[in-house]
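Novice: Start from the sequences and build out the full structure, keeping to the hints where you can.
Number of protein chains: 4
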Amino acid sequence: MAKPLRIGMIGYGFMGRAHSNGYKRVGDFFDLEYLPVLQAVAARDAEKAQAFAERWGYGRVETDWRKLVAADDIDAIDICTPNNLHAEIAIEAAKHGKAILCEKPLSMDVAEGEKMVAAIEKAGVPNTVWYNYRRIPAVTYAKQLIDAGRLGRVFHYRAEFLQDWTISADLPQGGAALWRLDAAAAGSGVTGDLLAHCIDTALWLNGPVSDVTAMTETFVKERMHTLTGKMEPVTIDDACSFLCHFTNGSLGLFESTRYARGHKALYTFEINGEKMSLKWDLEDLHRLEVFDYSDAGPERGWKSVHVTDGDHPYMGHWWVPGLAIGYEHSFVHQVADFLEAYAKKQPAHPTFRDALETQRVCDAVLSSAKSHQWVNVNGKPVG
Amino acid sequence: MAKPLRIGMIGYGFMGRAHSNGYKRVGDFFDLEYLPVLQAVAARDAEKAQAFAERWGYGRVETDWRKLVAADDIDAIDICTPNNLHAEIAIEAAKHGKAILCEKPLSMDVAEGEKMVAAIEKAGVPNTVWYNYRRIPAVTYAKQLIDAGRLGRVFHYRAEFLQDWTISADLPQGGAALWRLDAAAAGSGVTGDLLAHCIDTALWLNGPVSDVTAMTETFVKERMHTLTGKMEPVTIDDACSFLCHFTNGSLGLFESTRYARGHKALYTFEINGEKMSLKWDLEDLHRLEVFDYSDAGPERGWKSVHVTDGDHPYMGHWWVPGLAIGYEHSFVHQVADFLEAYAKKQPAHPTFRDALETQRVCDAVLSSAKSHQWVNVNGKPVG
Amino acid sequence: MAKPLRIGMIGYGFMGRAHSNGYKRVGDFFDLEYLPVLQAVAARDAEKAQAFAERWGYGRVETDWRKLVAADDIDAIDICTPNNLHAEIAIEAAKHGKAILCEKPLSMDVAEGEKMVAAIEKAGVPNTVWYNYRRIPAVTYAKQLIDAGRLGRVFHYRAEFLQDWTISADLPQGGAALWRLDAAAAGSGVTGDLLAHCIDTALWLNGPVSDVTAMTETFVKERMHTLTGKMEPVTIDDACSFLCHFTNGSLGLFESTRYARGHKALYTFEINGEKMSLKWDLEDLHRLEVFDYSDAGPERGWKSVHVTDGDHPYMGHWWVPGLAIGYEHSFVHQVADFLEAYAKKQPAHPTFRDALETQRVCDAVLSSAKSHQWVNVNGKPVG
Amino acid sequence: MAKPLRIGMIGYGFMGRAHSNGYKRVGDFFDLEYLPVLQAVAARDAEKAQAFAERWGYGRVETDWRKLVAADDIDAIDICTPNNLHAEIAIEAAKHGKAILCEKPLSMDVAEGEKMVAAIEKAGVPNTVWYNYRRIPAVTYAKQLIDAGRLGRVFHYRAEFLQDWTISADLPQGGAALWRLDAAAAGSGVTGDLLAHCIDTALWLNGPVSDVTAMTETFVKERMHTLTGKMEPVTIDDACSFLCHFTNGSLGLFESTRYARGHKALYTFEINGEKMSLKWDLEDLHRLEVFDYSDAGPERGWKSVHVTDGDHPYMGHWWVPGLAIGYEHSFVHQVADFLEAYAKKQPAHPTFRDALETQRVCDAVLSSAKSHQWVNVNGKPVG
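Chains as they are written, first to last, in the numbering used here: chain A, 1 to 383; chain B, 1 to 383; chain C, 1 to 383; chain D, 1 to 383.
In short, the hints are calculated from the structure, not lab data. Bear in mind the structure is a predicted one, so any value in this text is a computation, not a measurement. Mixed in with the good hints, there may be bad ones.
One copy or any two copies: either way a pair holds, since identical chains are not told apart in the list.
[As the list claims (entries may be wrong)] Here are the simulated lysine-lysine pairs, BS3-like style, with alpha carbons at most 25 Å apart:
1. K24 <-> K344
2. K3 <-> K24
3. K380 <-> K370
4. K344 <-> K122
5. K275 <-> K264
6. K3 <-> K48
7. K48 <-> K24
8. K264 <-> K279
9. K221 <-> K275
Specialist: Given below as C-alpha cells:
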C-alpha cells in the first residue's frame with residue numbers, strides 16, 4: 001500500500017490542470033512507494049477554486065495560499081501561480097518544511113531565484129521545477145544517447161520555440177488569462193515562457209553556457225490591458241533570439257517567438273556531435289531523429305525513431321509499440337520521478353538550483369538584448 | 001453531480017487497462033450527466049483480477065463472469081475477453097438488461113454476431129463495440145469533412161494495418177498472452193484483429209462494401225502452443241489483403257500483416273475524392289493530410305493539419321494548440337460519447353449492428369481467400 | 001575518341017524528348033566507348049518532326065519510319081511511338097540488324113510481344129526497353145541491398161502508381177496528345193502505362209509473379225474523341241489493382257489509377273524482408289527509406305537515405321553530396337548502361353525478353369479483371 | 001536561328017562543370033534569341049584545361065586568362081576561379097567590353113567588390129553573379145508569393161546552410177581541390193561559401209539588412225596545407241552564425257557550418273509573415289512548404305507544394321507534373337534568364353551591384369564576429 005504525499009495546489013489554470021492530471025494518473029501506471037493525494041487547492045477566486053477542486057477531486061479549498069502553506073495536512077506545495085508569486089510562496093513553504101514543486105520559470109530574475117534557492121536549501125526540503133519536457137520519452141532518450149558518449153565532441157546546439165498565437169493586435173494583455181503578456185506578472189515574455197524551456201533542455205543535454213549575444217523585439221507596442229481597460233504599452237518581449245558559447249566548446253543558437261505564423265508550439269532542438277546528431281520536435285513529440293555516423297557509408301541517413309517501445313524511457317509503463325502518448329504524459333513522468341526521488345531522499349532534477357542556472361542564462365539574454373553587448377552568465381559584458 | 005454508471009469489467013488484459021483508463025479519466029475532461037464507477041472486475045484468475053482491481057480501483061472481484069453479469073450493482077458490462085467469449089457473455093448480459101460495451105471484433109463470425117445482435121436488440125439494452133479509432137480526433141475530423149460533402153464523388157479508398165511483431169518463429173502461440181495467434185480463441189488472425197479496424201473506419205467513412213477478392217497467408221506454419229507445450233499448426237492468417245467495391249462506386253484496397261518489418265502499428269487510410277483527398281496514419285495520429293483541389297492552381301499541395309486546436313473534434317477538452325494527445329484518448333472519447341448517448345437514450349455508434357456489418361466483410365474476405373473467388377458480403381460468390 | 005552509335009528516333013513526343021536528352025547528355029558525365037549521335041528522326045508529321053530535329057540537333061528527318069529503319073547510316077532505332085506500332089517497327093528494325101531501344105510497354109499484348117522477342121532474338125540485335133525507373137539511383141541502390149542478401153526472406157511487396165490528371169470528364173481522348181486514353185493505340189490504360197512500371201521494378205527486385213486476382217474500373221465512361229470529334233466510349237482502364245503471389249513466397253499488392261486526387265506521379269514501392277525493409281517514392285525520388293532490423297534495439301527506425309553521395313549508384317558522375325538529380329537522369333543512366341552493354345556485347349536489361357515477362361503479368365491482370373478469377377501468368381485460371 | 005553568345009570560361013572545377021552544363025542544355029528547353037557557344041576555356045594547367053574542353057566541347061584552350069579576356073571571338077567571360085582572382089579578371093574583362101558572369105561570392109571583401117562594380121558599371125557591360133539558388137523553381141515561387149503581397153508584414157526570416165564534410169581533422173587545406181579551406185584563396189570560410197547564398201536569397205526575398213551581431217568558430221585549428229606540405233593554421237571560419245535586423249522591421253537569424261553531422265547541403269530558409277509563412281530546403285528542393293492563414297480555421301496546416309507543375313516557375317519547360325528536376329537546373333535557368341536580359345539589354349539579377357550588397361552583409365558579419373559588437377552593413381559599430 002503506497003504512502004500518501006498530500007498535495008496543496010496553488011493556482012487552477014492550465015498548469016494546475018496539467019499537474020493535477022499527473023498526480024491522478026501516476027498510480028495507474030507506475031509502482032511507487034508514495035502516491036499523491038489531492039488534499040487542497042488555494043486560489044483567490046473561491047468560486048473558481050471550488051469548481052476546480054470538484055472537477056479534479058481536491059479535498060478542500062483555501063482562498064489564502066498562506067493558510068495552505070502552513071497547513072498540517074499538506075506535505076507538498078505545488079506552485080502554479082503567475083511568476084511574480086513564485087518566490088514569496090516558495091520561501092514561505094520552505095519555512096514550513098513543505099516539499100515544493102514550482103512551475104517554471106523559477107523566478108522573475110536571478111536575484112529572486114537566489115533567495116529562493118537559499119531558502120529551500122536552508123530548509124532542506126525536497127524541491128523541483130516543472131521543466132516537464134525533459135520527461136518526454138524522446139527527449140529522455142536523447143539524454144541517454146548523450147550520456148552514453150555516442151555523440152563524441154559536440155559542435156552545435158540549436159533550439160527554437162515558435163508560436164503564433166499573439167499576432168493579432170486585438171488580443172488584450174494581463175489579467176488571469178493573459179498574465180503571460182504582462183511583464184509585471186511574468187517577468188519577461190517569450191524568454192521566460194518559451195526560451196526557458198529550451199535553455200533547461202540545453203543545459204541538461206549539453207552543459208553550461210558561458211556567454212551570449214541576444215536580440216529581442218516587441219512587434220505590437222500597445223495592447224488593451226484587461227485590468228485597466230485601457231491601451232497600455234506592451235512590456236514583454238514578443239520574440240527573442242541569441243547566440244552563445246557552451247563551456248564544452250560548442251556553439252549555440254536559440255530563438256523563440258509568438259509571431260511565427262503556422263507554428264503552434266514548435267519547440268525543436270538539434271545537437272550535432274562528431275559521431276552522432278539528434279533532432280527533436282514537440283509537434284511530433286514521439287519521434288527522435290538520429291543520425292549515426294558509424295553506420296556503413298552508403299546507408300547513412302537520418303533515422304526516425306518512433307519512441308514507443310518498451311525499452312524506450314518510460315514507455316514500458318504505457319501501451320504497446322507504435323501507440324503514442326502525448327504532451328500530458330511528461331507531467332505524469334515528472335511526478336513519478338519526483339516521488340521516486342522523494343522516497344529515496346535524493347534530489348529531484350531539475351531542482352531549484354538547476355533552474356537557477358536557466359534563470360542566469362535568461363537574465364544574461366535579456367541584459368545582452370538591452371545593452372547590445374556580449375554578456376556572460378553572471379551578467380558581465382565580455383568580448 | 002453526475003449520475004453513476006456502474007461498470008462491470010470482464011478481463012484485465014491490454015484492453016482492460018485501456019478501457020479502465022478511459023472510464024477513470026473522462027470526468028476530469030468532459031462534463032457529462034453520467035460518469036463511470038469502477039464497480040467490479042471478473043476474471044478466472046483471482047490473483048490477477050485482484051491485482052488489476054487494486055491498481056485501477058475496482059471495488060470488488062469476481063472469478064465467474066456470470067455472477068458479474070447477474071449482479072444488481074452493475075449497470076454496464078465491458079467485455080474484454082478473448083473473442084470466443086464475446087457472444088456468450090453479451091447474450092447473457094443482455095438477458096440481465098445490462099448495457100454492454102464489447103471489445104472488437106464483435107464475434108467469431110457472422111452467425112454468432114447475428115445471434116448477439118438479435119439478443120441485444122430484443123433486450124433493448126444500450127450497446128457499443130470498441131472500434132476506438134473512430135474517436136482519434138484526426139479521424140473524426142476526416143469524417144466531418146466527408147459528411148460536409150467536401151470530397152465529392154469518391155474514387156478510391158485504401159487502408160493498411162502493418163505490424164512486425166510475430167516474425168520470429170520462436171514466438172509461441174495461445175494462452176492468456178498470445179490468444180490472438182490462436183484461431184480457437186481469436187476466430188482469425190490479422191483479419192479480425194487488424195483489418196476489422198480498417199473495415200470499421202471504411203464503412204463509417206465511405207459506406208457499405210459490396211464484394212471482395214482476398215488473399216491470406218500463414219508465413220510461419222507451426223509454433224509452440226503455450227497451452228499444450230507442443231509445436232502445433234498455426235491456425236490464423238498472418239497476413240490478409242483484399243480488393244473490393246464499395247456501393248458508392250469507389251474501389252477499395254486493404255492489407256494487413258504482422259510481417260511488415262519496421263512497422264509497429266502502421267494503420268493508414270487514404271480516400272480520394274473528386275474534390276478532396278485525405279490521408280491518416282496511426283503512427284502520427286495527431287495529423288490529417290488534406291489535399292483540397294479547390295485551392296488556387298500553383299498553391300495546391302498536401303496540407304498537414306495538426307489536429308490539436310480547440311475547434312478540432314474533442315480537442316477543446318484537452319490542452320492548447322500544438323500539444324498532442326495520444327492513443328489512449330480515443331478510449332476516453334468513446335466513453336464520453338457512449339455516456340452522452342446513454343443519457344439521451346440514443347444509439348452509441350458503432351453499435352453491435354454496425355459492428356456486424358464489419359463482421360460480414362471480414363467473413364467474406366476469409367471466404368474469398370479460401371475459395372479464390374469474388375464473394376459478396378452475404379458470403380455468396382459473384383462474378 | 002568515342003565511337004558513334006547513330007540513333008534513328010521514331011516519334012517526337014514526351015518520350016522522344018526524354019530519350020534525346022539522355023543521348024545528348026551522357027557524354028558530358030560518363031566515359032564510354034560508344035557515344036550516341038542524333039542521326040535522324042522519323043514522324044508522319046513532317047513539320048513537327050522538323051521542329052523536333054532542329055531543337056535537339058537531329059541531322060535529318062524522315063516521314064516514313066520504314067526508310068529510317070532501313071537506312072545505312074543508322075545503328076540503332078529508338079521507338080517512341082504509341083504502343084500499337086512497337087511490334088511492327090521493332091520486327092522490321094530487327095530484320096535490318098538495327099539495335100533497338102523500345103519505349104515501354106513492350107507490346108499491345110503477350111502474343112505480339114512474343115513475336116517481337118522471337119524476331120529480335122533471331123536477328124541477334126542489341127535490345128532494351130525503357131523501363132527507366134530502374135536507373136533512378138535510389139531504386140538501383142535498393143537493388144544492391146537486395147542482391148547483397150540484406151533483406152532475408154521477403155514477406156511483402158507493394159507498389160502504387162497514383163495520378164490524378166484524367167479526373168475531369170471534359171478531357172478528350174485519342175489523337176497525338178491523348179493516345180494513352182485510347183485502347184486502340186495504347187492497348188490498355190493504367191495497366192500498360194503505369195502498372196507496367198511497377199511490375200518491371202517488382203520482377204527485377206523480387207522475382208517472378210505466379211498468379212493474380214485483379215480489378216479494373218473505368219470511371220468516366222465516355223469522352224470526346226479527338227479523331228472522330230464525337231463522344232465515344234472510353235476503352236481503357238482508368239484504375240487497376242491486383243493481388244498476387246510471387247514465386248519466392250511473398251505476397252504482392254499493386255494499384256494504379258489516374259483518379260487519386262492530389263497525386264501527380266506517386267509511384268511508390270515497399271518491400272518487407274525479415275531483416276530489412278525498403279520504401280521508395282517517385283515524388284521524392286532521391287531518397288530511399290531503409291529499416292534495418294540489425295540496428296540496436298531502441299535505436300531502430302526508418303532511415304531516410306539521401307541517395308546523392310559518390311558511393312551511391314551513378315551519383316559519382318554528377319555533383320556533390322546533397323545535390324539532387326531529377327527524373328530525366330534515369331534516361332541518361334539507361335543510355336550509359338545500354339552503351340556499356342553494347343560495347344561489351346552483353347544484354348542490356350531490361351531486354352525485350354525481360355519486358356515480355358512484365359507483359360505477361362499485365363495480360364494476366366487484365367484477364368483476371370475480366371473473368372473475376374485468379375489467373376496465372378500464362379493466362380490460365382487457377383485456384 | 002538563335003544568335004551566338006560566345007563564352008570564354010575561366011576555370012574547370014565544380015562550377016566550371018555546372019555552368020557548362022547550363023550553357024549546353026539551355027537551348028534544348030528554352031526558346032531564346034541568343035544561345036551560348038562554348039568558345040574557349042582558360043586555365044593554368046593546360047592538360048586539365050584540354051581534358052575539360054574535350055569533355056564539354058569547348059573549341060579551344062588558353063593557359064593565360066588575359067588572352068581569353070582580350071580575345072575577339074569571345075562575347076562573355078565566365079569566372080569560375082577561386083575567389084581571389086574574381087576582381088582582377090572581372091575588371092580586365094570589363095575593360096575589354098565583355099559581358100561577365102562571375103561565380104559567387106563577388107569578391108574577397110567589400111573594398112574589392114566596390115572596385116569591380118565601379119569597373120563594370122563604367123564599362124557598361126552585361127553582368128551577373130551566380131547566386132543560382134534563386135532559380136530553383138520552389139525558391140522562385142516563394143518570391144512570386146512574396147511579391148504578390150501574400151505574406152503581409154514580415155516578422156521573421158531564418159536561414160541555415162549546414163554541411164558536415166570538413167569534420168575530419170585529416171582533411172588537408174588549400175590547393176586546387178581545397179582552396180575553399182584557405183582564406184588566402186577564398187577570403188573566408190563558410191561565410192563567403194555558404195552564408196553568402198543565404199544572404200543573397202534573404203535580400204532578394206526580404207529586403208536589406210541593417211545591422212548584425214555574429215559569432216564564428218574554427219573547430220580544427222591546424223590542417224596539412226597541400227601547397228606547403230606542412231601543418232598550417234586554419235585561416236577560415238568553420239562555422240558562422242548571426243542575428244540581424246532587416247530594414248522592414250523583421251528579425252533575422254542565420255547559421256552556417258561544415259560541422260553539422262548528418263547534413264550534406266541543408267540550405268533551408270523560412271519566412272514568417274502575418275498572413276503566410278514559407279519554408280524551403282535544398283535537400284528536398286522541389287518542394288515549398290506554405291502555411292496560408294487565410295485557410296478556413298480547422299483546415300489550416302503546412303502545405304507541401306510539389307513545385308513541378310507547368311504553372312510553376314520554369315517548370316513548363318521541362319517534363320510533366322510530379323517529375324522533379326535537380327540542382328543543376330538552377331544553372332540552366334540562370335543562363336536562360338541571363339540570355340533573355342542580354343537580348344533585351346536589361347540587368348540580369350543578381351548583378352554585381354546586387355552581389356555587393358551581399359558582400360556588405362558578409363563583411364559586417366565577419367567584422368562583428370571579430371569585434372564582438374553589433375555592426376551595421378557599412379561596417380560601423382552600432383548599439
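Novice: Compare the structure with each hint and give your call.
Specialist: Hints versus structure:
Taking CA atoms no more than 25 Å apart as the test, K24 paired with K344 passes inside one copy only; the shortest distance there is 21 Å, against 29 Å between copies. For the identical chains of this complex, K3 and K24 are neighbours both inside a copy (14 Å) and across copies (21 Å), given an alpha-carbon limit of 25 Å. Taking identical chains as interchangeable, the C-alpha atoms of K380 and K370 lie at most 25 Å apart whether they share a chain (13 Å) or sit on different chains (19 Å). In this homomeric assembly, K344 and K122 come within 25 Å of each other (Cα to Cα) only inside a single copy, at 19 Å, whereas the closest approach across copies is 58 Å.
With identical chains, the CA atoms of K275 and K264 are at most 25 Å apart between copies only, with a shortest distance of 15 Å across copies and 32 Å within one. In this assembly of identical chains, the alpha carbons of K3 and K48 lie at most 25 Å apart only when taken from different copies (23 Å versus 30 Å within one copy). In this assembly of identical chains, K48 and K24 lie within 25 Å of each other by CA distance both inside one copy and across copies; the values are 20 Å within and 23 Å between. For the homomeric pair K264 and K279, the shortest alpha-carbon distances inside one copy (18 Å) and between copies (16 Å) are both at most 25 Å.
Taking the shortest alpha-carbon separations for K221 and K275, only the inter-copy value of 19 Å comes in at or below 25 Å, while the best intra-copy value is 46 Å.
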